[in-house]
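Just so we're aligned, residue 1 is where the sequence shown starts under full-length UniProt numbering, counting upward by one.
Check each hint, because a few of them may be wrong.
[What the hints assert, rightly or not] Derived pair list, reagent style DSS-like, types lysine-lysine, alpha-carbon separation capped at 30 Å:
hint : residue 1 : residue 2
1    : 360       : 313
2    : 249       : 314
3    : 360       : 207
4    : 207       : 113
If you are wondering where the hints come from, they were derived from the structure by calculation, not from laboratory data. As the structure is a computational prediction, the values presented were derived from the model and not from experiment.
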Amino acid sequence: MFDDGEYEEAIEFWKHQLRNGCPPYMITFTVLVELVCRYCGSGRAMEVLDDVAVEGCYPDIVTYNSLVNYNCRRGKLDDVAVEGCYPDIVTYNSLVNFNCRRGTLEDVALVIKHILSHGAELNTVTYNTLLHSLCSHGYWDEVDEILSIMYETSCCSPTVITYNILINGLCKAGLLSRAIDFFYQMVEQRCSPDIVTYNTILGAMSKEGMVDEAMVLLGLLRKTRCCSPGLITYNSVIDGLARKGMMEKALELYNQMVGDGVSPDDITRRSLIYGFCRANLVEEAGQVLKETSDRGHGIRGSTYRLVIQGLCKKGEMEMAVQVVEIMLTSGRKPDESIYNAIVKGVEEMGMGSEAGELRKKLRQWKLLREV
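Let's have the full structure, built from the sequences with the hints guiding it.
Structure representation (structure tokens):
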């Protein structure tokens, strides 16, 4: 009925059921409240709660939490107190998350104080929510305080999610050294890193040029039983090696990747092509580009341009023309700068007549304009 827009009819149906002595299961009642929130807003949901209370049906904590969650997700928290229904840690976690996302850490402190004063205990979800907010704001001293509390609390020891929040926050803040410390700390605490942990650290290491360290960590990952390197893992390290001009190692890792059954994507190949061009190995770049095209994979126009210009500078005119042909057959039309670069390259090789003939053909094909 809700999907058909018959909101009020659906609500009246529920009331009719109650009046006829057929109270719904509580989980069904919770679904009703969630649907009213979604389609009619929290104000109407509160009215429904009042109406059904008159009929003797009262919400439990699960229903109450649905209402709190709805308001929190929409950035507004009206007075959703329900008489005879007291908040639990799920409710409080919704409030903590709501205020953390708003950045109102003073209100977060008040919620925490309220939790403790009512005899409830924080759980791992509460701590992780707090840590995520503190990391995003760069409050590292407060992060250390929260961690100390977690270490001292036997029921809320840091989990892999906790460490991933910390490591990701530190990497984003450029504090890679400390992120690495946390990685080894979690291993010492017998908390196994997952692929998210490895990918975060490897990505940051590669961007910082710490490719030797990244290779060591990748080797460690390959030996673990809990997870295996994936496409993102290999792409991060291959890109790092290519940026440093270590193309032999990049190719070795590429072959290892294929051997492990991980299919390279456009990002992998683009990293290799750009790396070869930076290392002045444009013939190898052209070969990768050709293989990529043969397999039917898409290539950016800027990648073609980089390879063609590099080949022209090295005098590899025949291969440059082949790359242009690949570009044309793939449906991409190079701009005039590409054709001019090829003609100029032929001229600089002392082949004036050949350059003139090539220019003439390009104009006949309407790929170059008459000057």
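Hint by hint, here is what the structure shows:
1. 360 x 313: holds (21 Å)
2. 249 x 314: holds (24 Å)
3. 360 x 207: Judged against 30 Å, a Cα distance of about 46 Å means the pair is violated.
4. 207 x 113: Violated, at roughly 41 Å.
When held up to the earlier numbered hints, the structure conflicts with 3 and 4 and fits the remainder.
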